[in-house]
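Undergrad: Those protein sequence lines, which keep their order, are chains L and V.
Here the first sequence is numbered in our numbering, starting from 1 and rising by one per residue.
Here the second sequence is numbered in our numbering, starting from 1001 and rising by one per residue.
Quick caveat, the hints were computed from the structure, so don't treat them as lab data.
Here a beta-carbon is modelled for each residue, glycine too, at the ideal position from N, C-alpha and C.
Misleading hints may appear alongside valid ones.
Here are the simulated EDC-like pairs of lysine to aspartate or glutamate, each with C-alpha atoms no more than 16 Å apart in a straight line [unchecked claim]:
| id | chain 1 | residue 1 | chain 2 | residue 2 |
| --- | --- | --- | --- | --- |
| 1 | L | Lys35 | L | Glu124 |
| 2 | V | Lys1208 | L | Glu44 |
| 3 | L | Lys247 | L | Asp73 |
| 4 | V | Lys1203 | L | Asp115 |
| 5 | V | Lys1203 | L | Glu44 |
| 6 | V | Lys1211 | L | Asp115 |
| 7 | V | Lys1203 | L | Asp257 |
Derived contacts from chain L toward chain V, CB cut-off under 7 Å, selection only [stated by the list, open to error]:
| id | residue |
| --- | --- |
| 8 | Leu59 |
| 9 | Asp61 |
| 10 | Thr63 |
| 11 | Gln66 |
| 12 | Lys86 |
| 13 | Ile91 |
| 14 | Phe93 |
| 15 | Glu112 |
| 16 | Val248 |
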Amino acid sequence: MNDRLIEVKDLCKFFKVGKGNTLKAVDHVNLYINKGETLGLVGESGCGKTTCGRTILRLYDATSGQVLFDGKDVSKMRGKELLEFKKRAQIIFQDPYSSLDPRMTIGEIIAEGMDVHTNYTAKEKDAKIAELLNSVGMKEDFANRFAHELSGGQRQRIGIARALAVNPDFIVCDEPISALDVSIQAQVVNLLIKLQRERGLTYLFISHDLSMVRHISDRVGVMYLGSLVELTKSKEIFENPRHPYTKVLMSAIPVADPEIDGEKKRIEIKGEVPSPIHAPSGCKFRTRCPYATEVCAQEIPKLREVKEGHFVACHHCNEE
Amino acid sequence: MQSIAKEKFQVIGLEENAVEETARPRIGYFQDAWRRLRQNKVATLALFILIAIVIMVIIGPKLSGYAYEEVDKAARNQFPNAKHWFGTDKLGRDMFARVWISGRVSLIIGVAGALISAVIGCIYGGIAAYFGGVVDDVMMRIVEILISVPYLIVVIVLSIVLQSKGMGTLILAMTVTGWCGMARFVRAQMLSIKNEEYILAAKALGVKPWKIITRHMIPNTLSTVIVSITFDIPGYIFSEAFLSYIGLGIQPPKTSWGALASAAQAQFTFYPYQLFFPAFMIALTMLCFTLLGDGLRDALDPKLRK
Chain L
1 MNDRLIEVKD
11 LCKFFKVGKG
21 NTLKAVDHVN
31 LYINKGETLG
41 LVGESGCGKT
51 TCGRTILRLY
61 DATSGQVLFD
71 GKDVSKMRGK
81 ELLEFKKRAQ
91 IIFQDPYSSL
101 DPRMTIGEII
111 AEGMDVHTNY
121 TAKEKDAKIA
131 ELLNSVGMKE
141 DFANRFAHEL
151 SGGQRQRIGI
161 ARALAVNPDF
171 IVCDEPISAL
181 DVSIQAQVVN
191 LLIKLQRERG
201 LTYLFISHDL
211 SMVRHISDRV
221 GVMYLGSLVE
231 LTKSKEIFEN
241 PRHPYTKVLM
251 SAIPVADPEI
261 DGEKKRIEIK
271 GEVPSPIHAP
281 SGCKFRTRCP
291 YATEVCAQEI
301 PKLREVKEGH
311 FVACHHCNEE
Chain V
1001 MQSIAKEKFQ
1011 VIGLEENAVE
1021 ETARPRIGYF
1031 QDAWRRLRQN
1041 KVATLALFIL
1051 IAIVIMVIIG
1061 PKLSGYAYEE
1071 VDKAARNQFP
1081 NAKHWFGTDK
1091 LGRDMFARVW
1101 ISGRVSLIIG
1111 VAGALISAVI
1121 GCIYGGIAAY
1131 FGGVVDDVMM
1141 RIVEILISVP
1151 YLIVVIVLSI
1161 VLQSKGMGTL
1171 ILAMTVTGWC
1181 GMARFVRAQM
1191 LSIKNEEYIL
1201 AAKALGVKPW
1211 KIITRHMIPN
1221 TLSTVIVSIT
1231 FDIPGYIFSE
1241 AFLSYIGLGI
1251 QPPKTSWGAL
1261 ASAAQAQFTF
1271 YPYQLFFPAF
1281 MIALTMLCFT
1291 LLGDGLRDAL
1301 DPKLRK
């Protein structure tokens, strides 16, 4: 248990929308992240991945449930303790265009966290900024530039440098590559992997790009309509998915070789994702699931261990 | 396809180990804005004309050797000449001195009016945007009510209540509802900035709320506010001129450009120069402020930095 850096217990985040309606963005999510590993979080757009990541960092206050960081409840942190948590847990945003203040130079943006958590002199700060820029593969000249002068990939690297500036242990990567060109995506992901190796970082890597998640993650969690449906080792989930939704998702990964891709069987499912405001009762996937039975409509499936380290939330998955 | 002979190509220069980016000296935000404003010739010219007008308004009344209220019955309605550079009015007062002394009133009202509304509007709009919810709703409804009151009525009521038609009353009357536009503007700006991801990033870094406001929210609204002030000034100058023209503004013996134009209008067909000078000054000042505002908007936008 000691090597768990993050433990999420029954985390819920509901938003009130309109009159009396609640949007269950994150609905009783349970997961844990070990020190030094990367947990990939995948799912369709709007399934609550981003909200989940932000709630873990307390950018949103959780409706209920707990987030334990190093065994301490994040929602109960106050003052210095909370500041210390914010130093140790950082985030990289999806949109490199809106995540950098257009009025600040790159140097100022990177230094922002240092101003809060350290008291470097101006000289030390400049040296640290240069070091950070180098570590994300950029020249220190960039410190005097404004964000709009940089390309998307460069901006994203600045976003990474800003997060690294406070020496965090844990970084939520909130779809850091989805706004980038494919060629730049690999660059940024490899940079993240390199930094993880050098600094022993722990990542929560949120993405909808399955092949990227496979590349970077040790374990993968799959979300559907705010609930975690499957959580296991990266290799296991790609080779032996158990939840019907995960199976569909995995069969949808395109393969670069047209011959193999043509032979590959795609599992198709009917219908659209239901609205998260009026989610189906019981198992949320039952409206589209080919194996759905009566029990699925009545009982909410609990996340249970079907194999060592392999958790599935489905009534019809037998233990191995 | 026609092939191009190899000889036609030549190396025009290739630096070994050329660095992708060249370093630029570190300059502050407003330094940079000033540098870019100077590159804009029209805005620079407008700025110089405005500075010249301000200087003339300060020293001008002393230059001609006549006091602005000095009546000279022997020299009534004279066309511009060597003694009276802008001519004289129907009471024989020197127009040159009068144009500049009235410029004081017009400029002070224009600048003070715009600044006061900007300060009130920024505070009010900022509070509404920051707190949001019910506070925002109530505050914005109040603004909507105030905005719907015609300011001519406000001016008349205020001049009756305060029993004066001086500069103070005019500024008060114009700003009493004038700040509403700015409040709406600032609120809209702040609301859009509040949801930007860099604000969220600052929160994730543990930056304190007041620092988020001063380091992110205000700088990101400031430039648009400055531009909006520059565009507001001509509006206030014109309002003052209009109020003085219809007799609700500055009263004799004090005078403003609007009051001068109003006095000249009665005998415009015979002595057009009496109307020309104040009207020209109003137009020139308004134009310069508008052009300067235009230049400032470009200069203060870092996205247009080259």
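Undergrad: Tell me the numbers of any earlier hints that the structure contravenes, in ascending order.
TA: As far as the earlier hints go, 1, 2, 3, 5, 7, 9, 10, 11, 16 are violated by this structure, in ascending order.
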